[in-house]
Amino acid sequence: MSTATGTGPENAHLVVTGEPVTVTADRVARFAEAVGAPAGEVPATLAAALTADVQRAVMAHPDLRIDLSRTLHTAQSSEHHRPITVGDVLTATATVTGVRSARGGRMIGFDTVLRDAAGEPVQTLTTGLLTAEVDGGNGDDEVTA
Numbered sequence: 003m004s005t006a007t008g009t010g011p012e013n014a015h016l017v018v019t020g021e022p023v024t025v026t027a028d029r030v031a032r033f034a035e036a037v038g039a040p041a042g043e044v045p046a047t048l049a050a051a052l053t054a055d056v057q058r059a060v061m062a063h064p065d066l067r068i069d070l071s072r073t074l075h076t077a078q079s080s081e082h083h084r085p086i087t088v089g090d091v092l093t094a095t096a097t098v099t100g101v102r103s104a105r106g107g108r109m110i111g112f113d114t115v116l117r118d119a120a121g122e123p124v125q126t127l128t129t130g131l132l133t134a135e136v137d138g139g140n141g142d143d144e145v146t147a
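Using this note's numbering, the final residue of the sequence shown is 147, and nothing's skipped along the way.
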């Protein structure tokens, strides 16, 4: 996983890219069974599972100072560019799109794009968080994961 940052939390431009993941029939079957989807069908919600690691890395980044025990998930949307298929090799990239003060806390937005091996988007997940203000932050602009 690779991570890069911009100029700090108020102008955050944090980008996290995960490792490529191959969508196998076994992975699809296990996920479909877990969510109660019909056998032999690739659930659109598989994208959430495939992007979870990069989303966790964004939320754990010290410049964002997110305390999950004091955070509310305020928005989630998904844009499906094409269906996920068995055999796809997909890579997730999460990008912080905004950080702003809001009533003693901060609104943090980020997009996570799942791309195929050709670099074409398969799904885009948009997330909004409201988090209580947490003191701290290391001020570093460069991060390695």
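Hints listed in this document are in silico derivations from the structure and should not be mistaken for laboratory results. Ideal placement from N, C-alpha and C gives every residue a C-beta, glycine not left out. Heads up, some of the hints might be wrong.
[As the list claims (entries may be wrong)] Simulated restraints on C-beta separations:
| id | residue 1 | residue 2 | range |
| --- | --- | --- | --- |
| 1 | A62 | V91 | 35 to 43 Å |
| 2 | E35 | A134 | 34 to 42 Å |
| 3 | A31 | G100 | 22 to 30 Å |
| 4 | H15 | Q78 | 17 to 25 Å |
| 5 | T47 | M109 | 33 to 41 Å |
| 6 | T24 | G106 | 40 to 48 Å |
| 7 | R58 | H83 | 39 to 47 Å |
Here is how each hint holds up against the structure:
In this structure, A62 and V91 break the distance hint of 35 to 43 Å, their C-beta atoms being roughly 25 Å apart. Against the hinted window of 34 to 42 Å, the Cβ-Cβ separation of E35 and A134 comes to about 37 Å, which satisfies the hint. Our hint of 22 to 30 Å for A31 and G100 is violated, since their Cβ atoms are close to 38 Å apart. The hint said 17 to 25 Å for the Cβ distance between H15 and Q78, and at roughly 21 Å that hint holds.
Separation of T47 from M109 is about 25 Å and departs from the stated range, judged on CB atoms against 33 to 41 Å. As the Cβ distance of T24 to G106 is approximately 44 Å, the hint placing it in 40 to 48 Å holds. At about 23 Å, the beta-carbon gap between R58 and H83 misses the expected band of 39 to 47 Å.
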